[in-house]
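Protein chains: 2
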Amino acid sequence: MSEESATQIAKAAKAAFEASQLIDASERIKALHLIKSELEALQPEIQEANKVDLEAAQREVEAGRLSSSLVKRLDLFKGDKWDAMLQGVMDVAALPDPTGNVSYASELDDNLELYRVSCPIGVLLVIFEARPEVVVNIAALAIKSGNAAILKGGKESIRTTALLSQAIRTALSKTQLPHDYIQTIQTREEVSSLLSQDRYIDLVIPRGSNSLVRHIQNNTRIPVMGHADGLCTVFLDESADEAKAVRIVVDSKTDYPAACNAAETLLVHEKLLTTLWPNVAKALLEAGVLLLCDTPSLSVLQNLPVSVPNLSTRVRPSKPEDYSTEHLSLTLSVLTVPSLSAAIRYINAHSSHHTDAIVTESQANATQFCRGVDSAGTYVNASTRFADGFRYGFGTEVGISTGRIHARGPVGLEGLCTYKYIMRSKDDKGHIVAEFGSGEGKKKFKHEKISASRLPF
Amino acid sequence: MSEESATQIAKAAKAAFEASQLIDASERIKALHLIKSELEALQPEIQEANKVDLEAAQREVEAGRLSSSLVKRLDLFKGDKWDAMLQGVMDVAALPDPTGNVSYASELDDNLELYRVSCPIGVLLVIFEARPEVVVNIAALAIKSGNAAILKGGKESIRTTALLSQAIRTALSKTQLPHDYIQTIQTREEVSSLLSQDRYIDLVIPRGSNSLVRHIQNNTRIPVMGHADGLCTVFLDESADEAKAVRIVVDSKTDYPAACNAAETLLVHEKLLTTLWPNVAKALLEAGVLLLCDTPSLSVLQNLPVSVPNLSTRVRPSKPEDYSTEHLSLTLSVLTVPSLSAAIRYINAHSSHHTDAIVTESQANATQFCRGVDSAGTYVNASTRFADGFRYGFGTEVGISTGRIHARGPVGLEGLCTYKYIMRSKDDKGHIVAEFGSGEGKKKFKHEKISASRLPF
Numbered sequence: 001m002s003e004e005s006a007t008q009i010a011k012a013a014k015a016a017f018e019a020s021q022l023i024d025a026s027e028r029i030k031a032l033h034l035i036k037s038e039l040e041a042l043q044p045e046i047q048e049a050n051k052v053d054l055e056a057a058q059r060e061v062e063a064g065r066l067s068s069s070l071v072k073r074l075d076l077f078k079g080d081k082w083d084a085m086l087q088g089v090m091d092v093a094a095l096p097d098p099t100g101n102v103s104y105a106s107e108l109d110d111n112l113e114l115y116r117v118s119c120p121i122g123v124l125l126v127i128f129e130a131r132p133e134v135v136v137n138i139a140a141l142a143i144k145s146g147n148a149a150i151l152k153g154g155k156e157s158i159r160t161t162a163l164l165s166q167a168i169r170t171a172l173s174k175t176q177l178p179h180d181y182i183q184t185i186q187t188r189e190e191v192s193s194l195l196s197q198d199r200y201i202d203l204v205i206p207r208g209s210n211s212l213v214r215h216i217q218n219n220t221r222i223p224v225m226g227h228a229d230g231l232c233t234v235f236l237d238e239s240a241d242e243a244k245a246v247r248i249v250v251d252s253k254t255d256y257p258a259a260c261n262a263a264e265t266l267l268v269h270e271k272l273l274t275t276l277w278p279n280v281a282k283a284l285l286e287a288g289v290l291l292l293c294d295t296p297s298l299s300v301l302q303n304l305p306v307s308v309p310n311l312s313t314r315v316r317p318s319k320p321e322d323y324s325t326e327h328l329s330l331t332l333s334v335l336t337v338p339s340l341s342a343a344i345r346y347i348n349a350h351s352s353h354h355t356d357a358i359v360t361e362s363q364a365n366a367t368q369f370c371r372g373v374d375s376a377g378t379y380v381n382a383s384t385r386f387a388d389g390f391r392y393g394f395g396t397e398v399g400i401s402t403g404r405i406h407a408r409g410p411v412g413l414e415g416l417c418t419y420k421y422i423m424r425s426k427d428d429k430g431h432i433v434a435e436f437g438s439g440e441g442k443k444k445f446k447h448e449k450i451s452a453s454r455l456p457f
Numbered sequence: 001m002s003e004e005s006a007t008q009i010a011k012a013a014k015a016a017f018e019a020s021q022l023i024d025a026s027e028r029i030k031a032l033h034l035i036k037s038e039l040e041a042l043q044p045e046i047q048e049a050n051k052v053d054l055e056a057a058q059r060e061v062e063a064g065r066l067s068s069s070l071v072k073r074l075d076l077f078k079g080d081k082w083d084a085m086l087q088g089v090m091d092v093a094a095l096p097d098p099t100g101n102v103s104y105a106s107e108l109d110d111n112l113e114l115y116r117v118s119c120p121i122g123v124l125l126v127i128f129e130a131r132p133e134v135v136v137n138i139a140a141l142a143i144k145s146g147n148a149a150i151l152k153g154g155k156e157s158i159r160t161t162a163l164l165s166q167a168i169r170t171a172l173s174k175t176q177l178p179h180d181y182i183q184t185i186q187t188r189e190e191v192s193s194l195l196s197q198d199r200y201i202d203l204v205i206p207r208g209s210n211s212l213v214r215h216i217q218n219n220t221r222i223p224v225m226g227h228a229d230g231l232c233t234v235f236l237d238e239s240a241d242e243a244k245a246v247r248i249v250v251d252s253k254t255d256y257p258a259a260c261n262a263a264e265t266l267l268v269h270e271k272l273l274t275t276l277w278p279n280v281a282k283a284l285l286e287a288g289v290l291l292l293c294d295t296p297s298l299s300v301l302q303n304l305p306v307s308v309p310n311l312s313t314r315v316r317p318s319k320p321e322d323y324s325t326e327h328l329s330l331t332l333s334v335l336t337v338p339s340l341s342a343a344i345r346y347i348n349a350h351s352s353h354h355t356d357a358i359v360t361e362s363q364a365n366a367t368q369f370c371r372g373v374d375s376a377g378t379y380v381n382a383s384t385r386f387a388d389g390f391r392y393g394f395g396t397e398v399g400i401s402t403g404r405i406h407a408r409g410p411v412g413l414e415g416l417c418t419y420k421y422i423m424r425s426k427d428d429k430g431h432i433v434a435e436f437g438s439g440e441g442k443k444k445f446k447h448e449k450i451s452a453s454r455l456p457f
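Just so you know, the sequences run in chain order A and B.
Everything in the first sequence is counted per the numbering used here, starting at 1 for the first residue and increasing by one.
Everything in the second sequence is counted per the numbering used here, starting at 1 for the first residue and increasing by one.
It cannot be assumed that every hint is accurate.
Copies of the same chain are indistinguishable here, so a pair counts whether it falls within one copy or spans any two.
Calculated cross-link-like contacts (lysine to aspartate or glutamate; reagent style DMTMM-like; alpha-carbon spacing at most 20 angstroms) [claimed, not checked]:
1) Lys78 / Glu133
2) Lys442 / Asp255
3) Lys51 / Glu133
4) Lys444 / Asp255
5) Lys426 / Glu238
6) Lys444 / Asp388
7) Lys429 / Glu242
Just so you know, the hints here were simulated from the structure itself, not pulled from any lab data.
Please build the complete structure, drawing on both the sequences and the hints.
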């Protein structure tokens with residue numbers, strides 16, 4: 001794509017965003033309902049296109065150019081995926097409007113009101129990989145939050161996403177919303193050109209591998225929201241309860257090892273080495289976890305009875321780099337720490353600031369851990385796997401942010417909004433600054449709180 | 001400065017930040033009180049250093065290497081500046097703690113609580129120009145909001161800021177806070193090296209010229225918060241009241257023309273050209289404003305009686321570039337527009353998304369303007385000059401953000417904070433994800449709102 005056509009796409013998106021701001025929010029909900037019906041109407045064609053994408057991908061796998069796990073993610077009609085995607089659009093439609101909410105309201109003077117009101121960010125550029133349903137998910141989130149979006153899916157799902165986009169476009173054309181409100185692009189080259197459009201694009205959301213996220217961060221002046229790593233840690237505090245420790249460590253590691261919120265490192269307080277640790281290790285080994293242990297935690301395991309399953313094959317000494325590796329598999333790095341504060345320091349230095357958990361019976365230690373660990377999520381006696389927009393009650397999410405500017409943690413509709421300040425003078429003469437000040441006859445600001453949850457005009 | 005010492009400074013700041021998280025917020029307030037006393041104790045030396053800085057700057061002015069307006073800003077003891085600076089520290093100390101506030105709290109399950117709690121961002125790199133008191137202002141804001149900071153002042157105030165920093169450091173050494181909590185650096189080279197420390201520095205806040213802000217944005221991966229331009233617009237709607245129009249336009253332009261929230265462009269609805277516009281123009285001319293007019297607004301003025309002051313000397317035809325120029329002086333670009341929607345489109349395309357105002361008697365038009373104009377502030381019948389942290393009731397500000405990610409508009413303590421999610425299980429067995437789901441015997445999430453404004457543990 002030429003720089004020129006990238007400018008055109010970005011400019012059209014911004015114009016669509018600006019025009020959409022004057023259209024009632026009910027049109028956005030109408031659009032979501034129409035998207036669902038258009039998708040239903042186009043289902044046979046989409047199913048056929050998805051089949052062709054799958055076959056093409058299968059040939060790539062056979063030629064050794066693609067991983068087979070990717071093919072699974074391409075299949076839009078596996079199990080209840082298609083229905084879940086449609087239901088997701090309805091769920092997003094039913095969520096409360098994230099725009100127009102007042103988070104600060106103050107009467108600055110008689111008849112001078114200030115409101116801070118949530119509003120969309122503007123134009124989103126969303127880049128994701130294999131799963132074609134993400135086009136629909138993200139389009140729904142963008143529309144609901146009032147943002148225009150430019151979407152780029154993986155090249156393996158190109159035929160499927162083309163039809164999904166067509167359904168979205170048809171639906172939009174039946175509303176007052178501009179038809180350029182949601183645009184889809186296909187190639188990496190288009191992405192590169194769009195990354196320079198910081199005049200028109202307000203936020204880039206990459207959903208994919210670490211290398212994709214890093215590449216984007218290094219190649220744009222546009223703010224990027226996305227997590228690069230999910231290096232989550234569970235710390236077994238001196239006062240940890242054994243049953244809780246077993247449950248939480250096993251769940252954090254094994255519930256879904258490929259997820260970014262799965263635990264990759266276990267920190268064991270040294271006082272637990274001969275008490276609680278062997279039983280946690282046994283449970284992990286029974287679950288098929290490979291343990292990469294430091295010397296103290298390893299030597300305890302080497303003295304366990306040989307009847308422990310997997311003991312001889314699934315316990316190995318750790319290497320330094322294991323503690324900065326996102327295993328994304330049934331592998332867990334284990335480190336012994338002498339204290340709570342050492343655990344906090346370790347996590348701040350090594351974790352990816354995603355989600356870290358403590359298992360403890362001490363309220364004081366829980367408080368210290370939650371204050372001291374500088375991550376988007378700090379948990380007490382709960383599995384790191386809870387880090388998720390749905391589980392948090394946000395309905396849905398565009399991802400989990402490990403950045404600390406703007407949205408942090410699971411990003412729902414609220415994370416796709418910013419705010420603006422709206423000021424209204426109801427005074428007969430209007431309000432001017434020159435009347436305020438410290439001199440004689442000058443007015444003072446009132447700064448009186450207004451109770452309002454929505455803008456009154 | 002070598003890359004190595006930049007790393008050391010940044011690393012020390014991050015370590016100081018992390019250590020500070022475990023220290024009670026009352027220490028931060030104590031630090032602010034101590035900073036005030038240390039500054040008072042060091043006043044004679046600071047006054048002397050400031051004198052030397054001023055003399056050196058004066059010589060630079062005489063040699064034509066420095067603008068004389070800068071010298072004025074260097075003087076820390078002019079009028080009540082010194083006392084105002086000390087009072088500012090006390091004001092910040094007295095503001096409510098922006099950290100530890102709960103903005104979302106939900107019971108996800110029996111005994112499983114989720115809290116979204118405000119917390120500091122981490123390490124701030126703040127770069128500013130001439131005025132030495134900014135060191136103290138920003139240090140106070142950083143300390144109050146719990147952020148570590150690296151501060152870089154202008155080289156012209158180097159002797160003054162060195163002593164101000166010394167007072168801050170001495171004060172910190174009398175608290176439990178780490179003494180590297182606030183660090184000061186002196187040269188542009190140090191800034192360049194620090195801009196690559198994205199591992200340790202979380203946010204860059206440039207306060208200075210547009211070229212400084214742009215340079216920084218182009219040279220770092222660290223998020224940058226700062227406004228580049230203040231191109232504010234006032235639109236006189238068809239239904240504008242004449243007295244309000246005169247007051248608001250004159251105040252927006254003349255109250256403090258060098259400020260970023262001063263109006264630079266006036267949009268006049270074409271129906272007002274022969275009614276309201278001549279009187280607005282007369283008032284502006286009386287105030288000494290230079291009017292750069294498009295053809296319609298110009299020809300009306302050319303037919304005014306010659307008795308209008310400045311008419312022959314202070315009215316000129318505009319050039320296209322005048323509409324994208326931040327005059328920062330008594331100069332105003334004037335453009336005729338055919339409609340409200342044309343005004344909105346013009347502002348979205350030309351303004352810097354800072355603050356834009358409408359003068360109108362129509363509530364419907366006010367609503368359209370506030371919805372349609374994509375700026376941090378949209379005002380109805382109020383001067384653009386109200387865009388200011390103090391006037392908004394934030395106590396103080398670090399600047400006005402025209403970005404739309406994170407903080408927007410005047411940035412007070414809240415804008416220096418992010419949040420983290422804290423989860424606590426009070427269940428006897430702790431909470432794991434595997435128990436939740438749609439299958440038989442699986443738990444469902446409750447997502448029941450908890451009413452809490454501060455973290456209960």
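Outcome of the hint check:
1. Lys78 / Glu133: For Lys78 and Glu133, only the intra-copy Cα distance (12 angstroms) is at most 20 angstroms; the inter-copy one is 64 angstroms.
2. Lys442 / Asp255: Classified as between: cross-chain Cα gap 14 angstroms, same-chain 65 angstroms, threshold 20 angstroms.
3. Lys51 / Glu133: Within one copy only: 14 angstroms inside a chain, 67 angstroms across chains, cut-off 20 angstroms.
4. Lys444 / Asp255: This pair counts as between: shortest inter-copy Cα distance 17 angstroms, intra-copy 59 angstroms.
5. Lys426 / Glu238: between (62 angstroms within a copy, 18 angstroms between copies)
6. Lys444 / Asp388: Between copies only: 15 angstroms across chains, 47 angstroms inside a chain, cut-off 20 angstroms.
7. Lys429 / Glu242: between (71 angstroms within a copy, 9 angstroms between copies)
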